[in-house]
Amino acid sequence: MKRIGLALLVGLTAAASAQAAPRADYATLPSPLAPLSPAPPLGGGASASSEGFRHRIAATTRVDVSLDPTGAPFALAATQQLDVGVLGDYFFTIGAPVLDVEAAPGSASTPGLRASSILWTGFNPGHRTLIARITLNTTAAASLPLRIEVAPGRVTLVNTTAVVAGSYTADALVPPLLSYLAQLRRQIARGQSPTSGAAYVTSKPTATRLRVVAPLHVTGTVGGHHVDAIVEGRLVVRGRGPVRLTVTPASLDRLLSAPTAGRTGRQLLERVERAALTLARVRQYETFLGNPDPTGPSRTAYVYRSATPPAPIPTAIVAPKERDWATTIAVAAGLLLAAAGALFAWSKS
Amino acid sequence: MRRLILVAVGLLLLLTGCGGTSAPSARTALTIVVNAPFSRSPYLGRTIENGARLAAGEVNANGIRINGRTYDLRVTTMDTALSPARAVANMRRAVGQHAVAVVDEGTGIDAAWRIANGDGMPVGVVFEGGRQIIDPVTRPDVFRIAPSDHGIAFRLAEYLVPKGLKLALLHDDSDYGAAGERALTSAFSQNRSAVAIDETLPADALDFGPQVLRARRAHATGLLVWGRPATIAAVLTAARSAGWNVPVFTPPAGSDPFVRQQLADHPRWVDGLTFAGGRLTAEIGTAPFLTFQQKYESAFGVDRVGVTTSAGHPVIVPPESAMYAYDFVNLIAAALLRAASTGPAKVTTALNEVTTEGANGDQRAFNRHNHEGVVDDDIYFARFHDMIYAPVKDDPLSATLPTLPQTR
Chain W
0 MKRIGLALLV
10 GLTAAASAQA
20 APRADYATLP
30 SPLAPLSPAP
40 PLGGGASASS
50 EGFRHRIAAT
60 TRVDVSLDPT
70 GAPFALAATQ
80 QLDVGVLGDY
90 FFTIGAPVLD
100 VEAAPGSAST
110 PGLRASSILW
120 TGFNPGHRTL
130 IARITLNTTA
140 AASLPLRIEV
150 APGRVTLVNT
160 TAVVAGSYTA
170 DALVPPLLSY
180 LAQLRRQIAR
190 GQSPTSGAAY
200 VTSKPTATRL
210 RVVAPLHVTG
220 TVGGHHVDAI
230 VEGRLVVRGR
240 GPVRLTVTPA
250 SLDRLLSAPT
260 AGRTGRQLLE
270 RVERAALTLA
280 RVRQYETFLG
290 NPDPTGPSRT
300 AYVYRSATPP
310 APIPTAIVAP
320 KERDWATTIA
330 VAAGLLLAAA
340 GALFAWSKS
Chain H
0 MRRLILVAVG
10 LLLLLTGCGG
20 TSAPSARTAL
30 TIVVNAPFSR
40 SPYLGRTIEN
50 GARLAAGEVN
60 ANGIRINGRT
70 YDLRVTTMDT
80 ALSPARAVAN
90 MRRAVGQHAV
100 AVVDEGTGID
110 AAWRIANGDG
120 MPVGVVFEGG
130 RQIIDPVTRP
140 DVFRIAPSDH
150 GIAFRLAEYL
160 VPKGLKLALL
170 HDDSDYGAAG
180 ERALTSAFSQ
190 NRSAVAIDET
200 LPADALDFGP
210 QVLRARRAHA
220 TGLLVWGRPA
230 TIAAVLTAAR
240 SAGWNVPVFT
250 PPAGSDPFVR
260 QQLADHPRWV
270 DGLTFAGGRL
280 TAEIGTAPFL
290 TFQQKYESAF
300 GVDRVGVTTS
310 AGHPVIVPPE
320 SAMYAYDFVN
330 LIAAALLRAA
340 STGPAKVTTA
350 LNEVTTEGAN
360 GDQRAFNRHN
370 HEGVVDDDIY
380 FARFHDMIYA
390 PVKDDPLSAT
400 LPTLPQTR
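For the record, the sequence lines run as chains W and H.
Taking numbering that gives the first Met the number 0, I'd label the letters of the first sequence as residues 0 to 348.
Taking numbering that gives the first Met the number 0, I'd label the letters of the second sequence as residues 0 to 407.
Treat the hints loosely; a few may be bogus.
The calculated lysine to any residue pairs, modelled on SDA-like cross-linking and capped at a C-alpha distance of 20 Å, are [said to hold, decoys possible]:
id, chain 1, residue 1, chain 2, residue 2
1, H, K162, H, T184
2, H, K392, H, G163
3, H, K345, H, I65
4, H, K392, W, H126
5, H, K345, W, H126
6, H, K392, W, A57
7, H, K294, H, T27
8, H, K392, W, G125
9, H, K165, H, R216
10, H, K294, H, I315
11, H, K165, H, G221
12, H, K345, H, T27
Now the stretches of chain W that chain H is said to cover, found in silico as 3 or more residues with beta-carbon under 8 Å [what the hints assert, rightly or not]:
id, region
13, 88-101
14, 110-122
The set of hints was computed from the structure by calculation and includes no laboratory data.
Think of the CB as a built atom: it goes at the ideal place given N, C-alpha and C, for glycine as much as any other residue.
Take these sequences, add in the hints, and give me the full structure.
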């Protein structure tokens with residue numbers, strides 16, 4: 000009897016607290032995985048033909064960008080290493096505006112070339128390393144994360160990853176948002192793919208737009224100046240000389256670990272949405288070339304170097320062989336005179 | 000009168016119904032030539048032809064729609080009789096007939112490709128494995144769906160060297176054996192210590208007793224025989240009749256029905272024979288290949304080896320070369336669609352850009368750098384027991400493959 004009474008009391012308390020809590024509607028948060036623009040990854044990304052199982056693949060890419068004296072890219076190449084786990088056949092397509100491809104040292108296989116992709120086919124005995132050296136069309140420069148502008152006495156680094164993404168604002172319950180933020184932090188710390196989350200909103204959501212930028216960690220030198228900075232907008236480096244910079248998408252620890260105490264549900268919702276969208280944007284630049292394993296880890300480093308563009312092949316100027324009218328008439332007249340002379344001489348002989 | 004009107008209306012309705020779909024006869028035929036040794040190797044020629052016909056029949060069910068016109072594939076055959084001169088003459092005829100592609104066994108291809116290339120016509124080699132046959136730069140029109148000699152030799156070296164065997168490399172003086180010798184020399188160049196003796200055998204000899212004895216005296220602990228099926232059968236006979244139970248390894252020729260037919264009186268001599276070949280099944284299992292085999296047998300009947308297992312079950316041959324021809328014709332159909340043209344040169348270019356699912360469930364594809372439809376990784380090993388073979392378990396790829404039913 001005592002037990003029944005206790006159960007009733009607990010039930011009544013729960014019902015009362017549920018009545019006291021504001022009515023909350025389930026609303027999905029922006030995906031931390033869905034790309035916010037068509038590229039990167041280039042060429043629609045990568046794919047693996049399905050034969051009933053999925054390979055686990057870690058992709059590491061280095062993009063070499065050759066800069067002319069104004070800072071404009073004139074040549075692009077990428078070296079992509081795929082560390083493939085899971086025994087079995089593989090057939091991977093890596094989309095890209097590719098001009099040529101070859102196997103790099105250490106590759107267990109040779110990549111194939113198609114008009115807008117490279118192909119990897121073969122059998123993986125358990126672990127296989129595939130490394131391709133790819134010459135890219137310079138059209139791919141439009142998807143680079145950093146633009147470099149060289150002017151007399153200064154070099155400006157411009158983060159070009161900004162994009163405006165659709166979002167919403169509303170009052171929301173705080174605990175689920177904090178829990179999702181903690182989940183994202185854990186997943187990023189463990190190198191796992193982030194998963195999508197949801198919010199419980201207590202007011203009508205209003206559509207809004209968020210400007211999202213992938214922060215870039217830039218290290219290297221501009222002339223004699225050492226650079227080590229997080230670039231989210233523009234960075235002006237005073238100096239001149241060759242550019243040697245390595246750019247990687249920056250860690251999002253700062254965004255995910257910022258203090259949350261005292262924030263309202265509305266403010267926290269905006270923070271979480273921005274975090275998810277920024278993760279999605281960073282993920283795009285970590286996969287400049289696609290990874291055939293959509294949930295596999297991908298890392299990309301962009302290496303910008305000043306270089307000398309190849310001299311354009313001189314165009315041979317060939318003088319036209321056509322004669323002008325005056326020359327033609329003169330030649331014809333000369334021939335006629337010669338013929339007449341010869342005829343006269345023959346008639347007298 | 001009423002009846003007459005009813006009959007007339009009925010006839011009109013019938014005629015209207017007939018006009019709804021494009022009848023096959025309204026389609027334009029595109030010729031695919033099968034250039035194979037029908038008179039000298041009838042089994043091989045016929046299985047290649049059947050594979051091409053099976054694919055063409057399936058493609059023709061819907062036809063190939065290009066620029067508002069529907070095309071059918073029509074397969075015609077030409078016999079090379081294993082003669083390079085005839086193979087070249089056939090290629091001229093194929094070009095003269097404005098064929099859209101040639102499915103070729105490979106004889107004489109080193110000369111014939113130029114004739115096809117003049118017209119830009121794609122040639123798919125589905126048997127010969129010589130390394131020089133495929134070169135996307137100098138021979139952009141030549142493609143292959145069959146294991147290459149280079150791949151076979153390297154996979155054999157990869158499989159056998161770690162076993163610590165001292166191998167006798169025996170190759171006959173046929174074109175096939177000579178190509179094998181070149182491939183084996185290259186594959187074992189880094190592991191000469193694994194080679195006990197290297198011998199060329201006369202392809203037309205009946206008894207290889209002396210050569211096998213020399214191999215035994217050279218302390219060989221394994222025989223790697225690269226030659227025609229008759230050579231392989233004769234080497235097995237020489238070794239086993241001398242009581243030498245040495246392991247024997249071969250290229251795909253070891254699985255040729257002729258070897259088992261020759262040794263039908265001594266089935267135990269075949270036991271343990273291990274050959275390298277292109278895999279017939281994919282990770283997803285036997286289903287795709289068995290479906291293909293069922294369609295093949297429904298259309299053309301079962302290819303029997305002519306021997307039985309110890310339990311008396313007749314042994315059959317899985318249609319391997321037919322599978323390669325089938326896949327090539329399907330790739331041609333895909334290339335026609337991609338090119339949106341029947342111009343042979345455009346089809347050749349498009350072949351570098353298309354992928355189809357092969358009869359064994361694997362992806363079949365070429366690209367601008369590689370015209371090999373069977374990659375080296377797809378070469379597996381199988382061992383005979385009781386006249387049928389099963390993938391070996393001591394090779395990573397082979398261990399993943401199921402055994403195909405080979406009796407009826």
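Outcome of the hint check:
1. H:K162 x H:T184: 19 Å, holds
2. H:K392 x H:G163: 17 Å, holds
3. H:K345 x H:I65: 13 Å, holds
4. H:K392 x W:H126: 18 Å, holds
5. H:K345 x W:H126: The hint is violated at about 38 Å.
6. H:K392 x W:A57: Judged against 20 Å, a Cα distance of about 29 Å means the pair is violated.
7. H:K294 x H:T27: The given pair, whose Cα atoms are some 26 Å apart, is violated under the 20 Å limit.
8. H:K392 x W:G125: Distance ~15 Å between K392 (chain H) and G125 (chain W) Cα, so the pair holds.
9. H:K165 x H:R216: 12 Å, holds
10. H:K294 x H:I315: Status holds; Cα separation ~15 Å.
11. H:K165 x H:G221: Status holds; Cα separation ~6 Å.
12. H:K345 x H:T27: With Cα atoms ~18 Å apart, K345 (chain H) and T27 (chain H) stay inside 20 Å; holds.
13. 88-101: holds (count 3)
14. 110-122: Our answer is that it holds, as 9 residues pass the Cβ test (under 8 Å) against chain H, meeting three.
Consistency with the previously given hints fails for numbers 5, 6 and 7, ordered from lowest to highest.
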